[in-house]
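Chemist: Working from the sequences, and respecting the hints, build out all of it.
6 protein chains.
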Amino acid sequence: MANPLTHFNEEGRAKMVDVSDKSVTERIATAEGTVYMQPETLRLIKEGQIKKGDVLAVAQVAGIMGAKKTSEVIPMCHPLSLTGVDISFEENLDPDPKNGLCSVKIKTTVKVTGKTGVEMEALTAVSIAALTIYDMCKAVDKNMFFNQIGLLYKAGGKSGTFSREKIAEA
Amino acid sequence: MANPLTHFNEEGRAKMVDVSDKSVTERIATAEGTVYMQPETLRLIKEGQIKKGDVLAVAQVAGIMGAKKTSEVIPMCHPLSLTGVDISFEENLDPDPKNGLCSVKIKTTVKVTGKTGVEMEALTAVSIAALTIYDMCKAVDKNMFFNQIGLLYKAGGKSGTFSREKIAEA
Amino acid sequence: MANPLTHFNEEGRAKMVDVSDKSVTERIATAEGTVYMQPETLRLIKEGQIKKGDVLAVAQVAGIMGAKKTSEVIPMCHPLSLTGVDISFEENLDPDPKNGLCSVKIKTTVKVTGKTGVEMEALTAVSIAALTIYDMCKAVDKNMFFNQIGLLYKAGGKSGTFSREKIAEA
Amino acid sequence: MANPLTHFNEEGRAKMVDVSDKSVTERIATAEGTVYMQPETLRLIKEGQIKKGDVLAVAQVAGIMGAKKTSEVIPMCHPLSLTGVDISFEENLDPDPKNGLCSVKIKTTVKVTGKTGVEMEALTAVSIAALTIYDMCKAVDKNMFFNQIGLLYKAGGKSGTFSREKIAEA
Amino acid sequence: MANPLTHFNEEGRAKMVDVSDKSVTERIATAEGTVYMQPETLRLIKEGQIKKGDVLAVAQVAGIMGAKKTSEVIPMCHPLSLTGVDISFEENLDPDPKNGLCSVKIKTTVKVTGKTGVEMEALTAVSIAALTIYDMCKAVDKNMFFNQIGLLYKAGGKSGTFSREKIAEA
Amino acid sequence: MANPLTHFNEEGRAKMVDVSDKSVTERIATAEGTVYMQPETLRLIKEGQIKKGDVLAVAQVAGIMGAKKTSEVIPMCHPLSLTGVDISFEENLDPDPKNGLCSVKIKTTVKVTGKTGVEMEALTAVSIAALTIYDMCKAVDKNMFFNQIGLLYKAGGKSGTFSREKIAEA
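Residue numbers (our numbering), protein chains in the order written: chain R, 1 to 170; chain V, 1 to 170; chain Z, 1 to 170; chain H, 1 to 170; chain C, 1 to 170; chain B, 1 to 170.
Treat the hints with caution; some may be incorrect.
Which copy? The list can't say, so a pair holds if one copy fits it or any two copies do.
Pairs of lysine-lysine, DSBU-like flavour, derived with a Cα cap of 35 Å [what the hints assert, rightly or not]: (1) Lys-115 <-> Lys-98; (2) Lys-142 <-> Lys-115; (3) Lys-46 <-> Lys-166; (4) Lys-15 <-> Lys-158; (5) Lys-115 <-> Lys-46; (6) Lys-107 <-> Lys-46; (7) Lys-69 <-> Lys-105; (8) Lys-22 <-> Lys-98; (9) Lys-158 <-> Lys-69; (10) Lys-46 <-> Lys-105.
Don't read these hints as lab results, they were simulated from the structure.
This structure is a prediction, so every number in the text was calculated from the model and none was measured.
Modeler: Below you can see the structure in the form of structure tokens.
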């Protein structure tokens with residue numbers, strides 16, 4: 001029986017899946033993830049936006065550039081000529097009742113006209129944006145962590161549309 | 001008062017922090033994160049290890065190469081001549097009672113002899129390894145997600161040692 | 001009113017502009033720039049061409065490779081499968097009456113069949129070629145500088161043709 | 001007689017100069033360059049800073065990341081573990097009497113503890129920041145150009161200190 | 001007469017050949033190469049496959065990622081959106097009568113839908129896979145070497161099909 | 001018993017070997033390899049050197065830049081701040097009696113002051129230079145191939161000096 005993990009060849013080793021015969025279609029993917037942090041850390045991020053020391057502006061640039069790096073860092077990803085990348089941030093000022101932490105939710109949307117989808121590009125953009133927020137705030141809060149990084153939506157291509165309201169909890 | 005977020009200059013814009021005057025010391029950092037997935041997905045990963053179609057072997061290579069890419073993808077990170085990178089995986093076969101999902105925990109350790117730490121390299125390695133697992137299994141399970149990616153330990157350098165047993169829950 | 005700087009999203013943060021709906025057309029761009037240097041420095045460059053120590057041959061390779069790096073170094077640039085890159089140099093042996101300096105003019109032409117133009121690729125190729133000339137001659141002339149790096153011509157795509165004879169003076 | 005252009009080997013071909021015997025010292029370099037543009041373009045950039053659509057914030061990130069890319073894009077440059085990179089912008093609102101244009105001056109400072117200097121890193125950061133400003137404003141002003149990109153200062157290393165007040169005119 | 005080496009412009013300098021007018025077709029290329037090593041080295045590689053310390057699994061990933069790096073490391077290569085990359089290994093356990101060495105033969109296949117061929121991508125994948133085998137075994141066998149790295153087959157595009165059974169000997 | 005292939009961790013998976021405790025010493029490595037081609041192809045290369053269409057000048061730049069890319073393309077290689085890279089070419093105009101082919105021998109030397117050696121950098125430089133020669137001549141000779149790419153010499157570091165006159169035949 002064929003390996004349902006399509007990324008392996010007949011010898012059982014990894015390959016870049018052959019998409020030569022796939023159609024060129026419009027494809028889109030949306031992913032999200034959340035960075036948890038001390039309320040004071042979020043306060044410093046928000047204050048910086050007013051004073052121009054804007055952590056999220058740097059994370060935005062890093063995430064967009066990260067989307068373009070996807071096929072270079074994820075071994076079996078196809079190189080793609082992305083046609084659009086956007087990122088938004090949602091600051092959650094109410095501390096989470098479970099842990100007393102505030103958070104920034106990152107949401108990315110990536111588009112391409114091509115033979116394969118951009119799920120990995122959307123997820124990579126979230127990850128790099130999250131890492132950048134960590135990097136710029138780690139002097140004040142090394143306990144920050146990332147949660148629920150996952151795919152929200154994809155459309156275009158033979159496997160059809162995937163959609164969910166929110167990432168499961170764990 | 002100086003901005004406690006050290007990555008900003010006097011004009012309030014981002015800079016790469018000047019570490020010229022810091023001492024060259026041995027530095028180490030350990031980070032972890034967890035990829036949640038359907039029990040069937042974990043079964044396919046484990047079976048592949050027996051049959052050579054080894055998802056985790058590819059994720060291992062990707063994570064190590066990702067650690068080396070850190071200063072290229074995280075805007076304000078200093079380039080460093082890493083002296084060691086290692087990654088281990090822990091498969092959790094008992095479904096989480098909250099969501100019925102199994103998981104793979106990724107743990108990375110990075111070392112350097114240098115003027116600044118390798119927390120970001122350890123976290124980037126976790127993130128890239130997690131993304132690679134997602135990429136190689138997404139044909140069978142698009143609902144996978146990453147949780148509790150965070151720093152466990154760092155030592156070396158003026159800010160001293162940071163250590164925690166586990167990442168907080170959210 | 002919409003921000004006339006198209007590289008910003010509704011939150012006012014930078015994005016990679018969505019070009020999904022644009023037509024795939026033939027696009028071309030030409031840019032130029034000038035490296036000013038001591039007459040003796042230009043003499044060494046010209047002599048090297050005879051003796052094989054060819055500064056401009058290295059700058060040519062660097063500029064072409066630089067064009068391919070554009071979307072990696074310019075944050076909001078779209079990745080493109082360039083279909084052609086060429087660079088030429090024009091040595092100006094008559095010292096400029098204003099400053100007594102000689103110069104090398106760099107001219108680049110880049111082509112693509114795609115959804116967006118290659119102005120940035122042509123300008124990046126000029127910049128990297130100029131930097132390479134500086135690097136290879138800086139042992140003898142640290143006062144070299146680059147002037148009038150700009151776009152001369154672009155065609156293809158909805159915004160039509162742009163053309164000028166020469167870059168303005170400043 | 002030895003070729004005064006040190007970047008060539010005995011066969012007359014390019015090499016990466018052997019710096020094995022040089023001392024590890026603190027090194028610094030400062031470079032600058034100017035982007036000329038229509039007064040209206042500068043007005044849009046300034047307005048964006050107020051509204052968060054901040055062209056210069058993106059150029060800042062691009063320039064810093066560009067400094068780290070130097071040895072990858074300039075063929076004979078040595079790879080260096082940079083210890084600091086900073087960039088500042090100076091907006092010149094008074095139109096230049098020669099051409100009626102306004103301008104943004106970019107100034108970069110790069111530091112390293114190493115065997116060779118960081119002049120090329122400072123100049124590359126200026127160039128990439130300038131290209132990014134062009135990219136983000138080209139929808140409204142394709143006539144922008146870059147002038148007087150050059151080295152202002154370097155210190156550290158055997159060749160001593162280089163310093164000038166301003167780049168020559170041309 | 002035109003230079004039969006098409007990679008040079010009218011000034012005799014290197015260029016990226018203009019393929020704008022070429023047709024977009026399915027293209028494929030296959031290349032191979034052989035890594036010679038001590039019989040004991042091959043024994044360690046084979047044993048590792050059983051015990052999971054799998055040299056060839058790492059070489060497989062490196063070769064696939066190397067194929068994607070081709071236009072970044074080969075100066076005049078066009079960037080291409082590869083649609084498939086696969087690599088296989090053939091272990092030759094019978095020592096070569098000429099030198100008593102065993103060998104691993106690497107065979108790569110690369111596909112693209114584009115305006116130019118993927119011969120260089122197939123050859124680069126072989127080279128990077130061979131280098132990775134060397135890297136991972138050099139602690140026990142520094143005398144390993146690579147032989148007969150060449151193109152076996154290409155199809156698609158105006159220059160037609162190229163095919164040979166084996167690389168010549170030397 | 002410990003795995004004599006040092007690139008594997010206790011779980012049997014690949015790691016970047018920990019060199020934190022190694023001494024910083026001067027290290028050097030020399031590698032070589034040969035590109036076989038039709039006599040007519042070598043004639044075109046030599047003629048181009050006279051007319052400036054210099055294949056070997058491009059291969060020289062590519063090889064040097066390739067040496068700097070080593071830790072990016074070879075998964076377990078440590079990133080190193082190379083202190084020198086040089087490449088020379090030796091044209092063999094007498095056709096090989098076995099196959100009637102001429103050849104270009106590539107020889108690279110790489111230096112570093114660091115904790116680990118530069119054998120991989122020297123071998124990567126040979127490989128990238130060979131690939132570049134192939135790329136630039138493939139329009140006239142697709143049968144070219146690379147032979148006897150191997151290490152000639154290394155010194156510095158605990159494992160001592162390795163030296164051989166020539167690569168074995170196969």
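Chemist: Each hint needs a verdict: does it hold in this structure or not?
Modeler: Hints versus structure:
1. For the identical chains of this complex, Lys-115 and Lys-98 are neighbours neither inside a copy (43 Å) nor across copies (37 Å), given an alpha-carbon limit of 35 Å.
2. Proximity of Lys-142 to Lys-115 under the C-alpha cut-off of 35 Å is restricted to the inter-copy arrangement: shortest distance 18 Å between copies versus 41 Å within a copy.
3. With identical chains, the CA atoms of Lys-46 and Lys-166 are at most 35 Å apart both within one copy (25 Å) and between copies (28 Å).
4. Taking the closest pair of Cα atoms, Lys-15 and Lys-158 come within 35 Å of each other both inside a single copy (20 Å) and across two copies (28 Å).
5. Within a single copy, Lys-115 and Lys-46 get their C-alpha atoms only as close as 40 Å, which misses the 35 Å cut-off; across copies the closest is 30 Å, which meets it.
6. For a Cα distance limit of 35 Å, the shortest separation of Lys-107 from Lys-46 qualifies both inside one copy, at 18 Å, and across copies, at 28 Å.
7. Taking identical chains as interchangeable, the C-alpha atoms of Lys-69 and Lys-105 lie at most 35 Å apart whether they share a chain (22 Å) or sit on different chains (24 Å).
8. For a Cα distance limit of 35 Å, the shortest separation of Lys-22 from Lys-98 qualifies neither inside one copy, at 46 Å, nor across copies, at 39 Å.
9. For the identical chains of this complex, Lys-158 and Lys-69 are neighbours both inside a copy (25 Å) and across copies (28 Å), given an alpha-carbon limit of 35 Å.
10. In this assembly of identical chains, the alpha carbons of Lys-46 and Lys-105 lie at most 35 Å apart whether taken from the same copy (14 Å) or from different copies (29 Å).
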